[in-house]
Amino acid sequence: DQQVKQNSPSLSVQEGRISILNCDYTNSMFDYFLWYKKYPAEGPTFLISISSIKDKNEDGRFTVFLNKSAKHLSLHIVPSQPGDSAVYFCAAGTQTLTGGGNKLTFGTGTQLKVEL
Amino acid sequence: DTEVTQTPKHLVMGMTNKKSLKCEQHMGHRAMYWYKQKAKKPPELMFVYSYEKLSINESVPSRFSPECPNSSLLNLHLHALQPEDSALYLCASSQKVGGADTQYFGPGTRLTVL
Chain A
1 DQQVKQNSPS LSVQEGRISI LNCDYTNSMF DYFLWYKKYP AEGPTFLISI SSIKDKNEDG
61 RFTVFLNKSA KHLSLHIVPS QPGDSAVYFC AAGTQTLTGG GNKLTFGTGT QLKVEL
Chain B
1 DTEVTQTPKH LVMGMTNKKS LKCEQHMGHR AMYWYKQKAK KPPELMFVYS YEKLSINESV
61 PSRFSPECPN SSLLNLHLHA LQPEDSALYL CASSQKVGGA DTQYFGPGTR LTVL
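Read top to bottom, the protein sequences are chains A and B.
Take the first sequence: its letter number 53 is residue 53 in this note's numbering, and every next letter is one higher.
Take the second sequence: its letter number 108 is residue 108 in this note's numbering, and every next letter is one higher.
Heads up, a few of these hints could be off.
[To be verified] For lysine-lysine, the following DSSO-like pairs were computed, each having C-alpha atoms within a straight-line distance of at most 27 Å:
(1) B:K41 <-> A:K68
(2) B:K41 <-> A:K71
(3) B:K41 <-> A:K103
(4) A:K5 <-> B:K18
(5) A:K5 <-> A:K54
Read the hints as simulated data drawn from the structure, not as lab findings.
Chain A extracted, bound-state conformation (with noise of 0.2 Å):
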């Protein structure tokens, strides 16, 4: 069962507009949400989270969005250059787990493609 779902596996855009990728999730028990970029052969970079008390949390060029009533999150990057090029990962978290560590519910993924 994907409880995070990504399902664009690609998205084109030009240089300069803006790139929006999606992510939807099924577990209610998820209140903290991250996005990773990822090149080929490198391990991912958290790019930018956001916690369930919030609906949107910007910094800098990307804005995270979230609607918890339609379980859905979004990342907006304005503007797209093409060193953005990569796979973006979306994932959740539940903050209220006690010990153990935490678990992150990884999403499939999103190639992002920055044309010139």
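Assemble chain B onto chain A, guided by the hints.
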């Protein structure tokens, strides 16, 4: 500084070999993780160490043996692997032990099992 380092970067081993992957972080993080990632798939959690103790084992075969010698180091010992174990092995760390927290990943070790 959010750096997690991993060695080696690449590893090729036969099915009868014994090898180890190493991971190090100096951020004072108290939780460390091993993930396995196959091509075009998300990272798949293998083990979690909390305060240097194994807290989660995601039913990983015993041919993978984790070890946490101290709060900064995490090893993954490999023995009698199968070709299907070829993958990118990622180490991560996080400050918090319980609940969700940002995990910071290392660059990974690309493992090929012949």
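Quick rundown of the hints versus the structure:
1. B:K41 <-> A:K68: holds, 26 Å
2. B:K41 <-> A:K71: holds, 22 Å
3. B:K41 <-> A:K103: holds, 17 Å
4. A:K5 <-> B:K18: violated, 37 Å
5. A:K5 <-> A:K54: holds, 21 Å
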